[in-house]
Structures are given as structure tokens and as C-alpha cells.
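Undergrad: Below are the chains, spelled out letter by letter.
Number of protein chains: 2
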Amino acid sequence: MNDRFLRALLKQPVDRTPVWMMRQAGRYLPEYRATRKQAGSFLDLCKNPELACEVTMQPLRRYDFDAAILFSDILTIPDAFGQGLYFEEGEGPRFRKVIRTPADVESLPEVSMTRELSYVYAAVARIREELAGKVPLIGFSGSPWTLATYMIEGGGSKDFRIAKQFLYNHPEAMHLLLGRLADAVTEYLSAQIEAGAQAVQIFDTWGGILTPPAYREYSLHYMQRIVEGLKQEGKPDSVPVILFTKNGGQWLEAIADTGCHAVGLDWTTDIQGARARVGDKVALQGNMDPSILYAQPEVIRAEVQRILRDYGPGPGHVFNLGHGITPGVDPEHVAVFVQAVHEFSTAE
Amino acid sequence: MNDRFLRALLKQPVDRTPVWMMRQAGRYLPEYRATRKQAGSFLDLCKNPELACEVTMQPLRRYDFDAAILFSDILTIPDAFGQGLYFEEGEGPRFRKVIRTPADVESLPEVSMTRELSYVYAAVARIREELAGKVPLIGFSGSPWTLATYMIEGGGSKDFRIAKQFLYNHPEAMHLLLGRLADAVTEYLSAQIEAGAQAVQIFDTWGGILTPPAYREYSLHYMQRIVEGLKQEGKPDSVPVILFTKNGGQWLEAIADTGCHAVGLDWTTDIQGARARVGDKVALQGNMDPSILYAQPEVIRAEVQRILRDYGPGPGHVFNLGHGITPGVDPEHVAVFVQAVHEFSTAE
Numbered sequence: 001m002n003d004r005f006l007r008a009l010l011k012q013p014v015d016r017t018p019v020w021m022m023r024q025a026g027r028y029l030p031e032y033r034a035t036r037k038q039a040g041s042f043l044d045l046c047k048n049p050e051l052a053c054e055v056t057m058q059p060l061r062r063y064d065f066d067a068a069i070l071f072s073d074i075l076t077i078p079d080a081f082g083q084g085l086y087f088e089e090g091e092g093p094r095f096r097k098v099i100r101t102p103a104d105v106e107s108l109p110e111v112s113m114t115r116e117l118s119y120v121y122a123a124v125a126r127i128r129e130e131l132a133g134k135v136p137l138i139g140f141s142g143s144p145w146t147l148a149t150y151m152i153e154g155g156g157s158k159d160f161r162i163a164k165q166f167l168y169n170h171p172e173a174m175h176l177l178l179g180r181l182a183d184a185v186t187e188y189l190s191a192q193i194e195a196g197a198q199a200v201q202i203f204d205t206w207g208g209i210l211t212p213p214a215y216r217e218y219s220l221h222y223m224q225r226i227v228e229g230l231k232q233e234g235k236p237d238s239v240p241v242i243l244f245t246k247n248g249g250q251w252l253e254a255i256a257d258t259g260c261h262a263v264g265l266d267w268t269t270d271i272q273g274a275r276a277r278v279g280d281k282v283a284l285q286g287n288m289d290p291s292i293l294y295a296q297p298e299v300i301r302a303e304v305q306r307i308l309r310d311y312g313p314g315p316g317h318v319f320n321l322g323h324g325i326t327p328g329v330d331p332e333h334v335a336v337f338v339q340a341v342h343e344f345s346t347a348e
Numbered sequence: 001m002n003d004r005f006l007r008a009l010l011k012q013p014v015d016r017t018p019v020w021m022m023r024q025a026g027r028y029l030p031e032y033r034a035t036r037k038q039a040g041s042f043l044d045l046c047k048n049p050e051l052a053c054e055v056t057m058q059p060l061r062r063y064d065f066d067a068a069i070l071f072s073d074i075l076t077i078p079d080a081f082g083q084g085l086y087f088e089e090g091e092g093p094r095f096r097k098v099i100r101t102p103a104d105v106e107s108l109p110e111v112s113m114t115r116e117l118s119y120v121y122a123a124v125a126r127i128r129e130e131l132a133g134k135v136p137l138i139g140f141s142g143s144p145w146t147l148a149t150y151m152i153e154g155g156g157s158k159d160f161r162i163a164k165q166f167l168y169n170h171p172e173a174m175h176l177l178l179g180r181l182a183d184a185v186t187e188y189l190s191a192q193i194e195a196g197a198q199a200v201q202i203f204d205t206w207g208g209i210l211t212p213p214a215y216r217e218y219s220l221h222y223m224q225r226i227v228e229g230l231k232q233e234g235k236p237d238s239v240p241v242i243l244f245t246k247n248g249g250q251w252l253e254a255i256a257d258t259g260c261h262a263v264g265l266d267w268t269t270d271i272q273g274a275r276a277r278v279g280d281k282v283a284l285q286g287n288m289d290p291s292i293l294y295a296q297p298e299v300i301r302a303e304v305q306r307i308l309r310d311y312g313p314g315p316g317h318v319f320n321l322g323h324g325i326t327p328g329v330d331p332e333h334v335a336v337f338v339q340a341v342h343e344f345s346t347a348e
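Residue numbers (this note's numbering), protein chains in the order written: chain B, 1 to 348; chain U, 1 to 348.
Some hints could be false.
So the derived list for chain B, only partly shown, Cβ under 7 angstroms to chain U, looks like this [to be verified]:
1. 164
2. 165
3. 169
4. 170
5. 250
6. 267
7. 291
8. 299
9. 302
No lab work stands behind these hints, which were simulated from the structure alone.
In this text, all values refer to a predicted model and were calculated from it rather than measured experimentally.
The beta-carbon is built from N, C-alpha and C at its ideal position, and this holds for glycine as well.
Take these sequences, add in the hints, and give me the full structure.
TA: Here's what the structure looks like:
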């Protein structure tokens, strides 16, 4: 098996820097758009293990990526809690039911994530079979705080005013909600690992909108609980955990202290400085601005080279974008990107 | 005159921490909405010195703020360049003409900001008269990079893909544009100072979407040119310059090195750590999350106290929000906020 990705996460030496892309199975690929059409809605695609497997495999047929990532959505857990997830075409996710009061939190049903989200584990198992050991498979979940923002706002938001108001006016109910979500995420990731996920990533898309103390108390704390929970459940260290807080560059030391194996960086953080700050504690994943993929090939190549040079020699780097690839990117530019990581990381 | 604000910016001792709010003259105030209606469009209000003066004064009649800020828009300069600024109701700013090619940059007309933006200086002079020395008046401008993003995108953007594509594919044309804008901003702020502005703030709303090297080269560099330009034009050190890059918390040291007098902090940066990082070089302005104003009074008071405590004793702090106040805030909550800054900063 190509285990560069897993080795890099564990800070073991590799022959070249492994690379994958957040949202690599996505709308920039015409074959994805075709399968999506066949499936019906985006959610239909997530809930169909066969088609979810198909779109997971698509980017690997085109590009020499060092990891596959389960095709799914970060909002499967709130959906399992009965919030009624749906997507409006061209809009973001929406929920039919929202949480607006402490009573709404208290009346959240008891739900077995193992039972309710079996379509996800079926997809994981199927993808592992299809991958046949070619590259490792990454499972994932949204972070408790990120899930909570959607559950309270009822969808995406510009300033997360309702979620923040809930946090500040009802801190106990917020902790209750986040505790429920942390338990659900732990169960969910455990089940993904049992089904075959070889690494897991927690997407904390909205941790970066908080103040430093609120981030530690309401987002990081619960991610740490998940990391510890997975260890207590006997999930081996050979299944690394990656924490990714977008706009979390100022809090790297604290993130690295959770016991996770790797920290995702968006593009606003200097990776050289980041490496010095976290020391030997964790590997780093990132950190190219996805917008660079809209630039000319020589610009893409120069930026890949800069980031590899900034990280410097030695193990512990997984190359990635600092956020998901966007739908308008030319698939040819992705080929340039992957090729550049291979070329420049072998040379150095 | 109440000169707490100016003294704090120059790191001189004050009897209590001065406070003002970004967008303090704004839609959360019913009297603002009434004047806005009377004026016609938002832009009509900006271009009417008498009414611009009126809305500048409104928050000072309600609250004991330590500074007034000129009511205007950051996009007056692109408008003066003939881009045709307008506002769609409920949407952000838009331009009739956009910059999409290097040729568009080269054909940008020669414009005297002193002549073209005389309505701004008229408002400044009128506000100074009306203030009658009560508190100092802040002038402002958008940063060259922030202005460029709007001029290229033709309005706001989610990922600034077109502006970044221009930057990466046409770096020379981008530098030409930013140089033109830096000259325009220098002339604009000079004229505001001559008309009576006693401090100036540069709003770099979108510097934080760049990679660290792109931020230094395309945003910070041009703000530094403005700081140096104002000094060369003999603008005295008694007219402090505040630089505010939203999401710029990772680059504070570099911002403080520009020669500016103060650095604005959004709410994601720990102000205690920020103070240690910039040392005696600059004052700090900020850094309460504007969303806190939606919380209960006791939460607002606790957060004010936390930030004051985190900054610690000694001069050099101007209390502010980490971004503009939003339209839905209850004006009573602003009173609680201002009162808390007074109370807790006097006590410590």
C-alpha cells in the first residue's frame, strides 16, 4: 500500500510529501456532476453507498493522490438527530427543525449514530474494498461547535449571531448540546474506523469565528474530548486524528496539545512558523490557498514550491489546500498541482 | 478637550480607557435610519456634508464616546476614479465599471482626490465645528488592497476569486493599481487631516484573506507607503495613524513595524498576547466581538472586564469592537457597553 499519507501523519520519513485535496471528490469534476445528476439530490448521493463510493474514487482515477476521503457531508449527525437536513439548489445546507432554546436541547432525542448512520459505514466499507489497498481512506466529521452552529442557525450564516447569542446567553445549554454532539461524533468516527477508515479528520469550519477563550471552551475542549474518547475506545494510534480549525492559526499550540496527530492549516498561516510553534507534537496538513488553482500553471508550481520550502526538510507534512477546492477550477490545474508536489518534494 | 483617545494612541497615560465603536453612526440607531431616509440613498447621505455631520453626531448625543468618526464609505476613492459606485438595497456595494485586465489599470484616469472628494473634507470641517472640541474626530480610508478587491470584483465577494486571480496572473498590473491607490489614499487622508481630522484609520477589511507573503507584498507594503507618505508630507505625529487588518492577528509584528501609531485587533486575537508581541511600538485598539452586544447586559459587562483585564495596566489601549456594530443591536446594549468600559477601566 502507498502509506505515505499515514506515515507523514505519524511523522515518519517518506520518499515524497503526500498530497490530497479537501473536497477532491467534487463539482470541479465533470464525472462528479454526472453521478450527482444520476443520484438526484446531493443528500441522495451521500446516502447511496454505491454512488458515494463512485465519486470518492473519481479523483483517484485522474490524479496521483496519496489518500481517498469518504464522500459525505459534515451535517449527517444533526440529520440523524432528526433536524431534517436539506439543500436548496445553489444555497447552502438548511434544517427543517432548529434549536433556539435550552428546552430544544433538552428534548434532543437519544439516537444511536451506529444504527442511524449505517449508510455512511456501508460507503466506507465499499470504498475500502474498491481501493484494494491502493491508498488509505480518510473518514471525517464536523466538530461539535461547527455542527451546533448549523443546528442553531438552521443553516449557514454570515456572522453566526444566533449561535453566538445562544452561547453567551445560555452557556449551560450550549455545553449540554456540545457534550451530546461530542459523544455522537466519537461514536460516529469509531464506527467509521471499524468500517475501515484509516485516519479521521474533524472539520471545525467555524471555530475561527470565536474569541480565544470561547474557542477553547466551546470548540477545542470538545474536539479534545473526541480525541481522548477514540483513544479510550481502543482506537489505535495507527489511525491518526487530524484537527482542522479554519482561521485557527493563532491557536495552533493549543490545538496541538489536544493529543491529535496532525493539525490542518488554512492558507493564512505561515507553515514555517507553525512548525516551529508546534515542534514535534504533531504533523501539519496544508496550506495552499485554493484560489491559487485559478492562476496560471507556473504560479501554481511556484506556490507549491514555496510551501514545501517553507515547511523545510524532514517528515510531518501532508500537502493539501487550506480549504476545499471550489467548483470553477479547471481539472487540468489540479493535475499541475499534484505533479508539482511530487516533483518538488522529491527533489528536496 | 477630551483627549483620552489621542493620548491612548500615543501611549500616554489616561484616567480611563477611551472607547468608540466602528460604525457607531449606523443603522442600529433609529435617528440614523430617519436621517438616511431623508437623504435618499446611502451614497446621497455620504455626499451631503450637513447630513453626514448630523449622523456623525448622533451616537455622541446618546453615549459618552471618546471619539467621533467621519461618516462616509470606504469606497469613495474608487468612485472618484470613475468606477460608478452604487448600493443595491439589502446588498453590498457595487460598481458599474470594473477592472478586469492590465489595460483597465493603465487606462485609470488621473484624478485629484483633493478636488474630487471635496464633499468629504466639507463634512470633516463641518463635524469639527459641530464637535467644538468635545472629542477628537477620526478620518479614514479603505486600504489599497481592500479598495482593489472591490474595483476588480465589482462589489463584495465570498472568496475574492477574481481579485486573487488578477493578483497571481498579473502581479505587475496589480502593483501598478495598488501604487495608484496608495497615492490616492495618501492624498485623501492628507486632505482629511488638513480639513480637521485628528487621527486617521485605514480599514484593511480584506487583507486577511491573503497568504502571509501576499499580504506583506500586496496589502501591508502599500499601507506602509501611506504611513510614510503622510509623515513626508509633514503630517505631525500628533495625528496618529491606526491600521486595521481584519483577520490580521497572525501578522501583528509586521503591522506594528510600518511606523503606524496603533493597530486594530478583531476579536480572534488575544489582546494580552498581542501586547507582548508588539511591545512598546504601537497602541492597540479593540477587541470585543460585536456579537456580544446581542447578549444579556451582564455578559456584555463581563466581556468588557475580561478584555480590560487581559490588556492589563498601563497606557496604549483604545477600547473598540473588533468589527463594525451590526444593525440589529439594541441601542440600550450599547449604553451598557460604554458604561462598562468607563466603570471597569477607572477601577483598575
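Undergrad: Are the hints correct? Go through all of them and say.
TA: Results for each hint:
no., hint, result
1, 164, "holds, 4 angstroms"
2, 165, "holds, 5 angstroms"
3, 169, "holds, 6 angstroms"
4, 170, "violated, 10 angstroms"
5, 250, "holds, 5 angstroms"
6, 267, "holds, 5 angstroms"
7, 291, "holds, 4 angstroms"
8, 299, "holds, 5 angstroms"
9, 302, "violated, 9 angstroms"
Hints 4, 9 from the earlier list are contradicted by this structure; the remaining hints agree with it.
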